[in-house]
Each structure stands twice: as structure tokens, then as C-alpha cells.
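Residue numbers (the numbering used here), protein chains in the order written: chain B, 12 to 451; chain V, 12 to 451.
Don't read these hints as lab results, they were simulated from the structure. The reader is advised that the hints may include incorrect statements.
Identical copies go unnamed one by one, so any copy, or any two together, can satisfy a pair.
[As the list claims (entries may be wrong)] Below, computed lysine-lysine pairings styled on DSSO-like, alpha-carbon distance capped at 27 Å:
no.: 1; residue 1: Lys393; residue 2: Lys350
no.: 2; residue 1: Lys422; residue 2: Lys41
no.: 3; residue 1: Lys231; residue 2: Lys393
no.: 4; residue 1: Lys133; residue 2: Lys74
no.: 5; residue 1: Lys41; residue 2: Lys74
no.: 6; residue 1: Lys393; residue 2: Lys133
no.: 7; residue 1: Lys422; residue 2: Lys232
no.: 8; residue 1: Lys422; residue 2: Lys74
no.: 9; residue 1: Lys393; residue 2: Lys74
no.: 10; residue 1: Lys343; residue 2: Lys41
no.: 11; residue 1: Lys422; residue 2: Lys133
no.: 12; residue 1: Lys350; residue 2: Lys41
no.: 13; residue 1: Lys343; residue 2: Lys232
no.: 14; residue 1: Lys74; residue 2: Lys231
no.: 15; residue 1: Lys41; residue 2: Lys393
no.: 16; residue 1: Lys232; residue 2: Lys133
no.: 17; residue 1: Lys133; residue 2: Lys350
no.: 18; residue 1: Lys231; residue 2: Lys350
Fair warning: this is a prediction, and the values are worked out from it, not measured in the lab.
Protein chains: 2
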Amino acid sequence: MAVIVQKFGGSSVADAARIRHCAGRIAEAKRRGDSVAVVVSARGDTTDDLIALAGELSEQPDKREMDQLLACGEQISISLMSMALKGMGLEAVSLTGAQCGIRTDGQHTRARIRSVDPTRLKSEFAAGRVPVVAGFQGVTDSGDVTTLGRGGSDTTAVALAAAVGADECEIYTDVDGVYTADPRVVPHARLLDTIRYDEMMEAASQGARVMHLRAVELGKKAGVPIRVLHSMRHGRGTLITDTGNGMETARAVSTAALKTDIGRVTLAGLPNRPGLQRLFFDRIAAAGISVDDIIQTEALGLGGKEGGEDFARSHADTPTSGHCNIVFTLDKADLADVKPLVEAALTELGHGRLHIDLGLAKVSAVGVGMQSQPGVAARMFKALADAGVRIANITTSEIKISCILDEADGKNALKVVHDAFELGSPVVTSAGAARAGSRR
Amino acid sequence: MAVIVQKFGGSSVADAARIRHCAGRIAEAKRRGDSVAVVVSARGDTTDDLIALAGELSEQPDKREMDQLLACGEQISISLMSMALKGMGLEAVSLTGAQCGIRTDGQHTRARIRSVDPTRLKSEFAAGRVPVVAGFQGVTDSGDVTTLGRGGSDTTAVALAAAVGADECEIYTDVDGVYTADPRVVPHARLLDTIRYDEMMEAASQGARVMHLRAVELGKKAGVPIRVLHSMRHGRGTLITDTGNGMETARAVSTAALKTDIGRVTLAGLPNRPGLQRLFFDRIAAAGISVDDIIQTEALGLGGKEGGEDFARSHADTPTSGHCNIVFTLDKADLADVKPLVEAALTELGHGRLHIDLGLAKVSAVGVGMQSQPGVAARMFKALADAGVRIANITTSEIKISCILDEADGKNALKVVHDAFELGSPVVTSAGAARAGSRR
């Protein structure tokens, strides 16, 4: 008699046959005696069609009206899914975000959920009905419809699961679960039984497209176990949790990820004074552009603290600062928008040089185990070196190591890193065990 | 500084160009300094598309879910119209039925409006914004989305006008207003400046397709002046009100109407005992089929009260009743559904014969003036007789006379009746004045 939230994405409800198939998955859970709430996204092309309609009327449609418009996509899906369930003899009731009590802030097109009132869901459970809830949307305190932006429907599902204290939130996708690496690139990649929230979050932000970072983050915060499953095939999928089995978490690295289409902006010879960074990143944030990694290094020989004679001279001119380089990466598609912003900042600053690179990729190794197991970085660098891959930049967090490299090397580098940590093997061999020595 | 509600139908918002055109009409009113609320229907084919989607999943879709689905049609329209208004520099805000405080009963697919909370509309007026409201929909006290059924968007517009005490409710259509008869059939039909609610209601129910009966009825009840206008052409249209000019209301007849595609069911030789009628009409109502006219006559020679010897015999058998015939008309398309229901009732009854006719039409003369002016019916019958038109059935109400006749005679009969009352002439001539004598 578990309580389960099941989420079906847009491709899973694209046509009548798929909707019926998903309804069958819901019916299975009901037959087990579980209380089931369902979250659905807009059908396949509906959102694109609605955006095109808006585009005919306005080059930059009002965001509130855009939300009112796009919310119809999910509203259509919930009605159709409820009809399909009723056609199978199940009692079902469709609920918009507003009807389901999903309250958000007023940031149209990228609202954040403030609270979910579980009253309606619980009364539907009590009546034996399946509530079918519109993902991706909510309502403000003043009754305006909002949408949640990227990863919105996954986030809705996890938020509902948290609100009703669900035993599990099932995310149905077009993959069998979370793999040790993208199986389209690494054919012997292995399906994971479990993965930790932190690992999944890093993997998601490093290019694994199974689930959106934001939903995993909420799952971690609310302690909701999330299971990623294939909507068309049966299988146990992958459980995202913090109480996974020891075998997985004993590994230093659990997954390897590849992110492509990366652009890189290098700013060299900047006077490193307080407020330097915001000169660039305030502008970029105001334009709504997400930056991926930021790497700042102090420039040797150009006034850096370890710059010897140069340092002394520079230090005499501007005693509180040296010079530095800032490198940041972002989606290649955003480079054209970012370039004039950065140039304006450089003009204002009166110093520094700009260099832009396209055609980069990032390979990451992710695992909570690396916090306690040294030598992980060294092994990754050795494996890439043995394969003849040149590393352009390195960034690390507590549980991941990322190397930026030529896009042409990307797929090979992913395989190399995957195999260096024996991720394809379900058992960690002695050769695969982490080695002693400094982690990085 | 008037308060105006403007309603635009589905064909008026079918594409971006038309939406922009309607936005221009709204802008004109705003420039006059009026407070304007707008009601829009679903765009051209949207409703049909949504119904087709539901049809793929269920032969008889759940009505609550159908409402949730269809409500998206208007929600799409209000967002697009608001974007168009904002593109013209007007402040606008789209409101679903729920957001606008339109409360209905729980009769899904044919809900009736219980109340409209004017708070949101008034605050939008105060802020100088144009509220753009979804027609055809409302919400129950428990937050379920409902639709209002036929004539729903017109009804929404009139209900909003009543709630905010609007000076006028403007219904934009694809005709210039209300004519003395359908100008496609009677080329010299005249556009009316004003018409009374009662006349418009009769004309609407007798086949004039300008406005739905239900909205006019609400307008009368709430005292809302309704103006019917062409959405693409400028003009004063026709004002529906009870305070029209004397010239119009002095006429016995104000409009003539033609209704085609009528089917007729004749039930002969029925034993006229209490409860006879519900035996037929309960079944038909339960199937959701609307019946137009019902004519019952007691059968001569088969137990009717004036049946002499037959009556006496029959009376001896069943002292409380004689025999009767019931004739009713309905949309020709509904005949196939009605036939088995009527046959079942006849079987249960054990008496009576069924006869079905297709290919009938109804011509009506409508006018509040006929209440006080005798001879109207006689003039109509004479005109039809002079034109060689055979009348199959006659029904009347306080302010209309209808003749059912062969569909082949329909258009000619409409012209004949229109001209018999000199409706094409703006001034009533002495020849056109009502004659003395019995009205019928």
C-alpha cells in the first residue's frame, strides 16, 4: 500500500497509443494496491506549436501571457490521460497546477515552487482516484498561472512526492535508467541500480541528460527516493537516493559524463581589483545566460604575486592587486550574445584581452567515493595522457573532476575515463580499487 | 468614460491577422477613454482538434475531462489576444474563467453561470488594463473547470457586463447586425437599429443565427444592452434592448426567420392518459436531444372529445381519456437517434403509430407588436396562400407565428412573409399597418 508519484514526459504522451501504454503502467501500480499520483508533460509538439503561435503575434511575448498559453500544453495532456485511465476502468481526475495547490513565486517562465498543498491529492487518494497533475506549472498567490522553466515537470513530480510523503517518485523516460556513461558513446556502459543524489546532480550538470539537476536537488532536500525508468520497457531502473548499497558507493567514481558544444571565453591581463568579476558576470546574468565553469588564475609575469621583479613593479603601481586571467565556459550557442557584453566590460575596464574558443568538450568523472579515496585525479589524467588526449582546462568539485578538451577527442576520452575506473564491471577488482597517494 | 464588454467569436480570432484586427477595435474603444473588458472564444479549429484528440482515446469521453480539455481552446485565445494588445502598447491581462471569478454549477459540458465576482475585473479597470477573459468556461465551487455549452461565449460576455454594470455588451460577429430576415435569402432585408430582447429571443430560437437565445435571455434578465456588430466592418450594428425607439416597436412584426433541416415525428392514435407525454420526452431528454416544437391534438374519430359516437364508445372503455396525436419537430440530424427511443416507448405503450418526415422548414414572423395588433396571423396565412405555399403545421407564441412547410418552399416563404409585413421599408405605410380583426 505504497504511495507513488509517476511522471511521464512529453514523448511518452505524444499520441493516443503511447498515452494508453502509460495508462497501463499506472494501472499496474493501482492493481498492486498503491496510491498513485501521475504527473504529465505537454504532448510532443504542443509546446512548439504554441510558441510558434505566440511568435506570430509578438517578437518578445509577454512572459505572463506566455505562461498562460504554454500551461495549456499540460492541461491537454492531463485531460487525455484521465480519459485513457477512465477508459481502462480506473477512476481518475485531472488537476492543473492551480487545482493541485502548487504555489510558486511570480517569476514567469522560470517560477520556483514555494509550496504544495496536499489536501486535494490526499482527498483523491482517499476516494480511490488517480489524480493526474499538470507538470511544469503552478499558480501565484494572486492566481496567475506560472511555468517552472527547464526541468519543470520532473520538479513538479518530486515536489508532489514530497508533499504527500510518497514512498517513491518514478520518472519515466526513454532510457532504462542511469548508466555509468552514455551507452550511445560507451556501448559497455553499465546500468546502475542506485546512485546518490549528489552524484546524479553532478552527472546531470556535467551532461547526463536523464534527469534535470533541479529535480534531483529538490529530491535530496526533501528526502524523496527517485526512480528513473523506461516508459516503454519493463525494468527496475535506477534509484536515486542517499541510502544506496555499499557496493556502489564504495567506488571512487560511479559515472563518467561527456558534455559537448562548449564555448570558452578567455579574458587575459585583467587588473585583479575588488569587483572585477561582477563587471563581467552581472552583465551575463542580466541577459539570462548560464555560465558553466569559471576558472580564475593569477597571471605570472604580469603583476602576479609570484611574479618576482614584475610583481614588485606592478605592486608599486597598484599595491592592492595584481593581474589575472579569467576563463569561463558556456553553451556554444550563447557565445554570440556574450561577446558584446564582455567587450563592453573590457572597454569600461580599460585593460585586458579577449579570446574565444569554440569546439570544446568536457569529460567528467563523478563519484561521492572520491572524497575519501585519493589518487582519482591522477588516474584520470594518466588514462587521458596514455590515450594521447590534450587537456585544456581542469576544474574539480568535492565529487567530480572535469577536463575540458577538444571536441574531437570527446567520445574517446569518455570511453577512456569510463574504462580507467572499470565502471562497466559490476564488481570492483583490485586493479580498479583506488590507489594510495594524493587525490589530485 | 463608459464601461464596455466586447466579445469576439472563434472566426474573429482564427489567425494572427484577425487577432490584430480585433485588437485594433479594442484599442479604438480604449482611446475613447472607455474601460473595456474583452471576451474571446476558442480559435477557429482548436475546439474541433481537441475533440478529435479526445475521440482517439475514448468513445464517450468523461465530461469533466472534456471540459478541462476544451477550456484550453479559450485559454490559448486569451493569451494570444493579450500579446496582440500589448504589442499595440495597451496594458492587457488574460484571465481564465476561474481567474475572472465566473462560478458555475457542476453540470459539465453545459454548466450554467451562478455568479461572477467582479473584483478582479474592477481592479484591472482601475489599473488601466484590458482584462481579456476566456468565454465559454467557468469553475465550480470546488475548483473544477466547466464549460457552458452552446452560446457559452456570448453568455459569458453578457454575464460580465452585468457583473460590472457595463453600459453595453458588444458582440462582434460576421454580420452587420440583426436584419429583418436573413439577407442571404431576402436581399432587400433591412438592418435593424434596435430590437427588443423578446423579439431577439424568438428570432434566435426560430433560426436567426446572429446571437444565442441564452445570452439574450440573460441580457434581458440583467438589463444589459447588447449590441451586435460586424468585427471586420465599421457600423452601428443592432442594439438589443427594451428601451428601443417607438418606430420599431410600433410594428406588429419586426423580423422574419427561416429554419431549415427540420425533421418531424408524428405519433398518431395514442391513448391520452396522464403520463403519456413523459413516456416519450423523458427518453429523448435523457439522450440529450433538443426538441423544437411540440404540437398535441386530440384525434377526431379515434376517441377525441368531439368524436361523437366513437368518443362515447372509447369513453366507456377508458373513462378518463381519449386518443390523441403528438407531433414534434427537431433537428433532422437527430432523427436517427430519436427513432429507436420513440419505438421503444410505443412498444411499452402498446398503442399508436409512428410517422417520420424529413425535408421540412419553418418560417416565423416575430414581433412584440403582435400582442396588441390583431390580424397578424391572418395576414401571414393569406400571403403564403397567395404564393401557393402549403402549410403543414402552425405553432404560435405571444410574439411569434411559425408555419412548418416543405423545405423546397422555405426561401420563397421567407421572402413572402418578410414582404407581407413590409419589413424592408424603414417606415410603416398605411398598407403595412396592422388591420382590424381577429389576430389569428
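Hint by hint, here is what the structure shows:
| no. | hint | verdict |
| --- | --- | --- |
| 1 | Lys393 <-> Lys350 | neither (35 Å within a copy, 85 Å between copies) |
| 2 | Lys422 <-> Lys41 | neither (42 Å within a copy, 60 Å between copies) |
| 3 | Lys231 <-> Lys393 | neither (33 Å within a copy, 86 Å between copies) |
| 4 | Lys133 <-> Lys74 | between (32 Å within a copy, 23 Å between copies) |
| 5 | Lys41 <-> Lys74 | between (39 Å within a copy, 23 Å between copies) |
| 6 | Lys393 <-> Lys133 | neither (55 Å within a copy, 70 Å between copies) |
| 7 | Lys422 <-> Lys232 | neither (33 Å within a copy, 73 Å between copies) |
| 8 | Lys422 <-> Lys74 | neither (39 Å within a copy, 52 Å between copies) |
| 9 | Lys393 <-> Lys74 | neither (49 Å within a copy, 65 Å between copies) |
| 10 | Lys343 <-> Lys41 | neither (45 Å within a copy, 45 Å between copies) |
| 11 | Lys422 <-> Lys133 | neither (47 Å within a copy, 61 Å between copies) |
| 12 | Lys350 <-> Lys41 | neither (54 Å within a copy, 42 Å between copies) |
| 13 | Lys343 <-> Lys232 | neither (32 Å within a copy, 63 Å between copies) |
| 14 | Lys74 <-> Lys231 | neither (30 Å within a copy, 39 Å between copies) |
| 15 | Lys41 <-> Lys393 | neither (51 Å within a copy, 71 Å between copies) |
| 16 | Lys232 <-> Lys133 | within (22 Å within a copy, 42 Å between copies) |
| 17 | Lys133 <-> Lys350 | neither (51 Å within a copy, 46 Å between copies) |
| 18 | Lys231 <-> Lys350 | neither (36 Å within a copy, 63 Å between copies) |
Figure legend: structure checked against the earlier numbered hints; hints not met, in rising order: 1, 2, 3, 6, 7, 8, 9, 10, 11, 12, 13, 14, 15, 17, 18.
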